[in-house]
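Please take these sequences and the hints and turn them into a complete structure.
Protein chains in written order, with my numbering: chain A, 458 to 706; chain B, 45 to 357.
Please keep in mind that the hints were generated in silico from the structure rather than gathered at the bench.
Listed next, the in silico SDA-like pairs over lysine to any residue satisfying Cα-Cα at most 20 Å (straight line):
hint, chain 1, residue 1, chain 2, residue 2
1, A, Lys-534, B, Val-242
2, A, Lys-580, B, Asp-219
3, A, Lys-580, B, Leu-220
As a plain string of letters, each chain reads:
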Amino acid sequence: MRKIVPMAFFQVTNVTKHFGGLTAVHDVSFELKEKEIVGLIGPNGAGKTTLFNLIAGAFRCSEGRIQFEGRQIQQLKSYQICRLGIARTFQIVRPFAEMTCLENVLVAFIGNNRYAGNLSKRKNEAARLLEFVGLARMLEQSAGNLNLIDKKRLEIARALATRPRLILLDEVLGGLNSGEIAEALSLIHTIRDEWGVSILWIEHVMGALMKVVERVLVLDNGRLICEGPPDEVVADRCVIEAYLGESDD
Amino acid sequence: MRQNFRWIVVLGCIAVFAAFPFLLGEYWLHTAILSLFYVMMASSWNLLAGYTGQVSFAHAAFAAVGAYASGLSALYWHLPPLLTALFGAGIAALLGLALGALCIRMGGIYLSLTTLAFSEILRIILDNEYEITRGTMGLQVPFFFPTYSKVSAFYLMFVVTIGMLSLIFWLIHSDLGTSFRAVQNDETAAASLGINIVRVRIVAFVVSSALAGLAGALYGHYHQLITPEIASLNTMFLILAMTVIGGLGTFSGPIVGALFLEVLSEYIRVYGEFHVLIFGLIALVIARFAPVGLIGLWRRTSLAKQSSKTIAG
Chain A
458 MRKIVPMAFF QVTNVTKHFG GLTAVHDVSF ELKEKEIVGL IGPNGAGKTT LFNLIAGAFR
518 CSEGRIQFEG RQIQQLKSYQ ICRLGIARTF QIVRPFAEMT CLENVLVAFI GNNRYAGNLS
578 KRKNEAARLL EFVGLARMLE QSAGNLNLID KKRLEIARAL ATRPRLILLD EVLGGLNSGE
638 IAEALSLIHT IRDEWGVSIL WIEHVMGALM KVVERVLVLD NGRLICEGPP DEVVADRCVI
698 EAYLGESDD
Chain B
45 MRQNFRWIVV LGCIAVFAAF PFLLGEYWLH TAILSLFYVM MASSWNLLAG YTGQVSFAHA
105 AFAAVGAYAS GLSALYWHLP PLLTALFGAG IAALLGLALG ALCIRMGGIY LSLTTLAFSE
165 ILRIILDNEY EITRGTMGLQ VPFFFPTYSK VSAFYLMFVV TIGMLSLIFW LIHSDLGTSF
225 RAVQNDETAA ASLGINIVRV RIVAFVVSSA LAGLAGALYG HYHQLITPEI ASLNTMFLIL
285 AMTVIGGLGT FSGPIVGALF LEVLSEYIRV YGEFHVLIFG LIALVIARFA PVGLIGLWRR
345 TSLAKQSSKT IAG
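Laid out in structure tokens, this is it:
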């Protein structure tokens, strides 16, 4: 009898991405479990966002495999990956500037064929999502008129509207003050605990990230140099060197 | 209240238009028919350029495709023009599919240049394939009905225009229309939310080409003479100017722009070649002072009135 190996929820295997002569992501492998919150850190230019683009199908892997719930997805297009249940936010926000917040969320419903038969329910659901991220008063505002923080909130609302099983957050805390960070953290907890969504999260606001995540992956020069619980990772020699440079001794 | 007001305006316009044959003489009825053609062309081009951001210069060429396909099939197969007009629209849709697919990886200026090249290639073919198209002499084609009447042509064009505008209105307010605008605003974000941008862009191309083909076919059978002039860049730029002056990316903009410029061109026809200069100047002034076109200007003033009312009250 064949032995049944428990299938990983999400698995990246030996993924490499070349841009011409530059290797932005080099032989990276890791796994995510269901409902896990994992941080992805590393110095600027380490390849974090490139890795997101590979997972989300915006770039094609040069080598390697990406598996999600038992399916190979490295050949799929962005919209197909989204429909399978992987959503993302963008580090540099990309609102549909000339559309209202409500319409921004509707696009995600349309793309995933949700509530197609029931337009009033769809509108209510969109409004509910926008309330959830704190945009209740902005429903009919043009997305282009929002401030940066609200645009980031809109990114999250849109990503959630695709009903993801895994969400890729790219620097959602940048530029927030401490009160807003606390709010955002509770939001992220709710997304995981109540919605059962796994989260892979790039963040430079290290203190906040370390409070929330269960595991951290560290990228440096496109390579995965360290992986483990937050307290172990911050003490790791490789990580310290990557951020601060090599010590003399 | 606003909704009601809008319906009254729409129905009022339809009623006034429907009364034209009783109010206007031959000459202005002819102008009205041409206006209807341009309303169809500008509105369908706006669907592509204003709502998905694909600034195609092949729209007039698709009208020519529709006109010639319809005219030739009416001539050689002796089919009724009302049927061949649909055939013309179908052929335009097919070519639209091909050109749209070709342009799918292109954006902005590259798409514009490719469609411009297509347009010129088509015009040159129409000019030179004398045996089939009769070249610049023009192809004589039958009128819609056995007996010629401007009034019947007007009502036919009028009904088709209303139908086409209804379709476009419905489309831009449907999920597909929302996807159009999402793709125009940000393709990458749209794809990340599950929108199949290739499909959305091609659908826009096919629909707008088919509508242009239909408009072109009707135009040809009305004139009973089809020349390569339809496919010329003159026609294309006129359509572009109408849409931009009226208001790109708005439903009523191209309608207002087409009516305005067509009627205006009748008044400034006496200046001959200079009328192009006048169009250019108008476009310049509009671009400087009302970037969203005449419709934007109207909206802005009505908004200002509203807000001054709220402040006063």
